[in-house]
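Engineer: Position chain L against the provided structure of chain H, taking the given hints into account.
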Amino acid sequence: MSSLLPLDFAGGVIVYWLALGMLSLLLGGAPKFITQIIFPAGALGALALAATGLLALGQAPNVAVLPLGLPDLPFHLRLDALSAFFLMLLGAAGFAISIYGAGYFRHMEGRTLALLALQYHVFMASMALVLLADDAYLFMVAWESMALSSYFLVTTDHKIPEIRKAGYLYLLIAHVGAISILLAFGVMQGGHGNAAYTFAAMREANLTSFWASVTFLLALFGFGAKAGLLPVHVWLPEAHPAAPSPVSAMMSGIMLKTAIYGILRVTFDFLDAQIWWWGVLALTLGLITALFGVMFAAVQADMKRLLAYSSIENIGILLVGIGLAILFHAYHKDALAALALTAVLYHALNHAFFKSLLFLGTGSVLHATGERNLGRLGGLIRRMPWVATLVLVGTLAIAGLPPLNGFVSEWLLLQAFLLTPDLPQPYLNMLIPVATAAIALAAALAAYVMVKFYGIVFLGQPRDEKLKDAHDAGWWERAGLAWLALGCVLLGLFPVQVILQLDHVTQALTGDTLGSTAAQTGWLFLTPIAPERASYSPLFFLLVILAVLLVTFLAVRRFYHGRLRRGPAWDCGFPEQTPRMQDTAEGFGQPIRQIFEVFFLIEREVPSPFDRAPRYHGRTEDKLWYGLYLPIAKLMDKISALIGILQHGRIHLYLMYSFVTLLVLLVFVRW
Amino acid sequence: MNAHLSGILFQLFQSLLVVLIAPLLLGWVNQCRAWLQNRTGAGVLQPYRTLRKLFHKDAVVADNASPLFRVTPYILFACMWLAAGVVPVLATDLPYSPAADVIALVGIFALARVFIALAAMDIGTSFGTLGARREMLIAFLAEPALLMVFFTASLISHSTQLPTIVEALAHKDFALYPSMAFAAIAFVMILLAENARIPVDNPTTHLELTMIHEAMILEYSARHLALIEWASSIKLLAYTTIGIALFVPYGIAEAGNWAALPLALVALGVKLVAAGAGLALLETISAKMRIFRAPEFLGTAFLLAVLGMLIHFLLGA
Chain H
2 MSSLLPLDFA GGVIVYWLAL GMLSLLLGGA PKFITQIIFP AGALGALALA ATGLLALGQA
62 PNVAVLPLGL PDLPFHLRLD ALSAFFLMLL GAAGFAISIY GAGYFRHMEG RTLALLALQY
122 HVFMASMALV LLADDAYLFM VAWESMALSS YFLVTTDHKI PEIRKAGYLY LLIAHVGAIS
182 ILLAFGVMQG GHGNAAYTFA AMREANLTSF WASVTFLLAL FGFGAKAGLL PVHVWLPEAH
242 PAAPSPVSAM MSGIMLKTAI YGILRVTFDF LDAQIWWWGV LALTLGLITA LFGVMFAAVQ
302 ADMKRLLAYS SIENIGILLV GIGLAILFHA YHKDALAALA LTAVLYHALN HAFFKSLLFL
362 GTGSVLHATG ERNLGRLGGL IRRMPWVATL VLVGTLAIAG LPPLNGFVSE WLLLQAFLLT
422 PDLPQPYLNM LIPVATAAIA LAAALAAYVM VKFYGIVFLG QPRDEKLKDA HDAGWWERAG
482 LAWLALGCVL LGLFPVQVIL QLDHVTQALT GDTLGSTAAQ TGWLFLTPIA PERASYSPLF
542 FLLVILAVLL VTFLAVRRFY HGRLRRGPAW DCGFPEQTPR MQDTAEGFGQ PIRQIFEVFF
602 LIEREVPSPF DRAPRYHGRT EDKLWYGLYL PIAKLMDKIS ALIGILQHGR IHLYLMYSFV
662 TLLVLLVFVR W
Chain L
-2 MNAHLSGILF QLFQSLLVVL IAPLLLGWVN QCRAWLQNRT GAGVLQPYRT LRKLFHKDAV
58 VADNASPLFR VTPYILFACM WLAAGVVPVL ATDLPYSPAA DVIALVGIFA LARVFIALAA
118 MDIGTSFGTL GARREMLIAF LAEPALLMVF FTASLISHST QLPTIVEALA HKDFALYPSM
178 AFAAIAFVMI LLAENARIPV DNPTTHLELT MIHEAMILEY SARHLALIEW ASSIKLLAYT
238 TIGIALFVPY GIAEAGNWAA LPLALVALGV KLVAAGAGLA LLETISAKMR IFRAPEFLGT
298 AFLLAVLGML IHFLLGA
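Protein chains in written order, with the numbering used here: chain H, 2 to 672; chain L, -2 to 314.
So that you can see chain L by itself, here it is in the shape it has in the complex:
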């Protein structure tokens, strides 16, 4: 019972931590980008300031908005929070994880995406539907690719439970699995696409012809926009931690081992800093693609992920 309670406490701690530090990761990525582009940057705390500003403003909602439009930011936020709670970030002892395995995790992301796409179509503006269409276009290739990445890891660890996968992968000797190498490349491409980063989308653009995610949320303001922005940063953090959990799980605290937690915290911090800097670098050195090229980019990711799975079947590794 005691172990049970501590598990629940830990789950709550991780969920809160993830939600609170998510904007920090985004701030770090933006700051790195600024440095790489020879700008001073606004500091790593800027996303928090933006959120506070947005929460204080009066919301303006279009005349013809339906309840779906108003409830979507909350659903989005809840879904992302849930996703971040499922991924083993610090330790593999998560009581919530039996409720949702990797397939359900992909399902949570899909649920959030369908709601935001529907909300974008709700007002009936040209940009809204354009954004929804493009988002679904990106998604229908990125989602199966993500599933294939997960399946490669599942086949190695004989499980679709994230904690079990991570434990299995963390216990293996440090060796490069050929299948996981393919999966890792595919995963990075999916991460870029799903989080609306360059080269697929540009999170800072408001140029009509190129925007995807921004086009969908054009009509949102104030607290609704704040929730969406916050959810996006949690999503970025969730994807980053998924990548860490799958490809560099070393240092994570195993079930029941509380003494390892401080070390796990430090390890996570280092990995996140490195991942954020890497993401910024990747974004700085690549140029935004034309939207018509995005299917090719994601098709490549999809094929790489399938190839990874195939290699696992061929080589058994």
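Isolated chain H (complex conformation):
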């Protein structure tokens, strides 16, 4: 090897992160060193990884075989366009999260901090390794170390029982998912003479449509469990709030995307998305997940849980896009498949930016106030102007408002929906309007949720005395937030440039691209199909808004006056205003709870009017937990009790079991 390949750089960053993790463990007694040196150093590694990913997007795949692993089963690495894109995502968002972490973790104790820094860097390294793995063995090793390191990160505050419980639930579902992924790999490997389990062999595997569908279903379930797809989403709203905020940001912003990567890798790269009903399944599941997520987000009272449910919604939207891409690809409409896939990749990148930004923002709020409950926050825009301003960018972006990034990917997705009449299936054509309506509803509800989130946390009057002492975030934290906010703005303003980069991925997966048509009227206008069909120019849009704003402002000043008086709030002349008269989180979500009542499990205790010390109490819960999970848990308990009959603790009985098993097996083999 004469010159260094991008793959070498990426591998180097992984080793560098692992080394940083080890180093912080050795220096457990010096918390200052860890926060001021290790985390920024890790951030630089992330930046290098992002640059490597960007560089590798346009290059031919790099491959390498490592002299590690089991004898006869070496580790294979491969860096192609799909891996490169997700590595870029990991690097770009990871950079900001690490920078933020340098400030956020400064109050932690030495020992805990050292362990946390180790797990944190192992987590990032294993995510990168998941994206680079080119055989099932390495993939599973990386996937499991990702699950384990994130489990330890989630349970950082393991002294709190709820957090231990959340961690356990997360680990359990992660493993159920991992088994399913392992089986999917097994099916794809089946029938091959060699037992190398390389992805190259799986690409070549000619599965019958039955086995291909089995693989797809297994992969969808397995990766879906990591992504938070219904009905295996229950861990997400528990684990995300339990983790420290930078970890929540990393899990929500980046780790969920590795699951999307897995689905894309298996469906498009290995199975070539040939069967149309896969698309319908993915589309339906995605829609249900998106609506479910946003509905539950609207009724949450804990700000991190609210964001966790919003992540479920976004994963649903991503899956809807994947479903559309599969549909188009299965009917050989590759240009349209490229459009849908571009929307997916774009949204994945956007979500990494704005969701990390929002989670980090909640971290700053949590640090400043020690409060996660929306009902005790409020008015922080006056105490924490930096955080409030930067989080506002993320709020507007995630609500899908132009000219920020969330709007671009939603716009592309809706354009893809509008092109479905080209599909040759009349029945599908009837489903599509309903699906479009559902996705539009989810997007509009997301705006509701984000107004609730931002309005209750940052606006209004402080709902609690202690908020008066809230302080703004430190410079490290501001820098991390600012990077992400800047990303939201730039991704929103320059869609054509971003799509030209995404083209390498869609070319590899669908055989077609969007960029050449998207940029046909110049870089300023995004025209995914044709200029007379649809076009959008966020930069132009922003410039006109700013111009009108300026003109209006100057005109009002010029022709009238700028006189302004401050006074107490008027509020229809109502004199006795207290902060408690503002909407609580429950109050703001009440209309949604009422409209979609059937989907929630609602418990209410309303005291009688004669009660002298009335107590109002209400709880809104997920029906699936009681309808699906608890029955399964009970069934498992019963089965284990049955198995318990075999267990006596006497060694000679156990020996006899082995003996009988051996005999049965011998008979079976001879037969």
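Please keep in mind that the hints were generated in silico from the structure rather than gathered at the bench. Backbone N, C-alpha and C define an ideal beta-carbon position, used for all residues, glycine too. Among the clues, some could well be false.
[Said to hold, decoys possible] According to the in silico footprint, chain L covers these stretches of chain H (three or more CB under 8 Å from chain L): (1) 442 to 452; (2) 455 to 462; (3) 549 to 560; (4) 580 to 589.
[Said to hold, decoys possible] Incomplete in silico selection of chain H near chain L, CB under 7 Å: (5) Glu205; (6) Ile382; (7) Leu402; (8) Trp412; (9) Gln426; (10) Asn430; (11) Pro434; (12) Trp524; (13) Phe526; (14) Arg534; (15) Gly568; (16) Ala570.
Structural biologist: Just chain L, lined up with the frame of chain H:
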């Protein structure tokens, strides 16, 4: 280049015209309402007088208002101006229209709405948050419904660009598209809801329990209030012209055809007068709904719009 320049000039002309005549439409609607209710009415120019009065007053802002509160009226005004500039009112030759298609237009309305809702929560009064919550409640059903109306038109014309849609629809023979009929009913319901008209909201009420839009802007005064009121009237005009463009586009000047402009102006005037009178009539004969009924009303609009789209897929028309 010359065509380019004339396009830009035309765009500026339309934007200015729309901003200037918006209060007139509102005055006309109010005057019609007055007549229908057997009152004399204040005349069609009353909204201009109100604006002038408000601009001259000193602004009073609550002690704890943040910069977000003060900048929102300007953002609202800019968004509505932008929206009015995108809709083909007189001619389909609008150089600004490639910057924003119908989805972006819905996005502009959403942007304005999110800002006004946030500003309403900024002071932290009970009415402000109440208004914000109700506004978002109305919006989350009205916005997808509006999108579905647009999509029905997009599917017929194979475009999401408003000028292309309007040209395609204006060129077809005068025939009733079943899908567009559903879309039209849905659109009228959305127009009522989004512009805070009866039966969803009452623009003249200050009765605490029923107000939505008014509750959000309670804390505003003087020039801020003037901008908001002006923006609301532009919004009403924008919605009316969207309705005209989608459902009765006949008479609009096509790209490059300047001779047709005077005729288009007359046609627009007639359509606006008729639409304003119709709106007043609709408001007079219906009663304000309870707020809890609003989701049903908008749910119906949403379903009608989806039905319109479905019918397009079924019948291809």
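Engineer: Hint by hint, note whether the structure agrees.
Structural biologist: Structure-based check of each hint:
1. Counting residues of the region 442 to 452 of chain H whose CB lies closer than 8 Å to any CB of chain L gives 8, so the stated coverage by that chain holds, three being the minimum.
2. Figure legend: the region 455 to 462 of chain H, annotated as covered by chain L; annotation consistent (6 residues with Cβ-Cβ distances under 8 Å, at least 3 required).
3. Counting residues of the region 549 to 560 of chain H whose beta carbon lies closer than 8 Å to any beta carbon of chain L gives 6, which meets the minimum of three for the stated coverage.
4. As drawn, the region 580 to 589 of chain H meets chain L at 6 residues by the rule of a beta-carbon pair under 8 Å; at three or more, the given contact holds.
5. Annotation: Glu205/H was flagged as interfacial toward chain L, and the flag is violated, the nearest CB pair being 40 Å apart, outside 7 Å.
6. Annotation: interface hint on Ile382/H holds; nearest CB of chain L at approximately 5 Å, less than 7 Å.
7. For Leu402/H, the interface hint holds, the least distance from its beta-carbon to any beta-carbon of chain L being 5 Å, beneath 7 Å.
8. Interface restraint check for Trp412/H: the shortest CB-CB distance to chain L comes to about 5 Å, inside 7 Å, so the restraint holds.
9. Given hint, Gln426/H at the interface with chain L, is violated; its Cβ is 11 Å from that chain's nearest Cβ, farther than 7 Å.
10. Interface restraint check for Asn430/H: the shortest CB-CB distance to chain L comes to about 5 Å, inside 7 Å, so the restraint holds.
11. A cut of 7 Å between beta carbons decides the hint on Pro434/H: the least distance to chain L is about 4 Å, and the hint holds.
12. A hinted interface residue such as Trp524/H counts as satisfied when its beta carbon comes closer than 7 Å to some beta carbon of chain L; here the least separation is about 13 Å, so the hint is violated.
13. Look at Phe526/H: its Cβ gets to within about 5 Å of chain L, closer than 7 Å, so that hint holds up.
14. Taking 7 Å as the C-beta contact cut-off toward chain L, the hint placing Arg534/H at the interface holds, the least distance being around 5 Å.
15. For Gly568/H, the shortest C-beta to C-beta distance to chain L is roughly 5 Å, which falls under 7 Å, so the interface hint holds.
16. Checking Ala570/H against chain L: minimum C-beta separation of about 4 Å stays under 7 Å; hint holds.
Comparing the model with each earlier hint shows violations of hints 5, 9 and 12; every other hint is respected.
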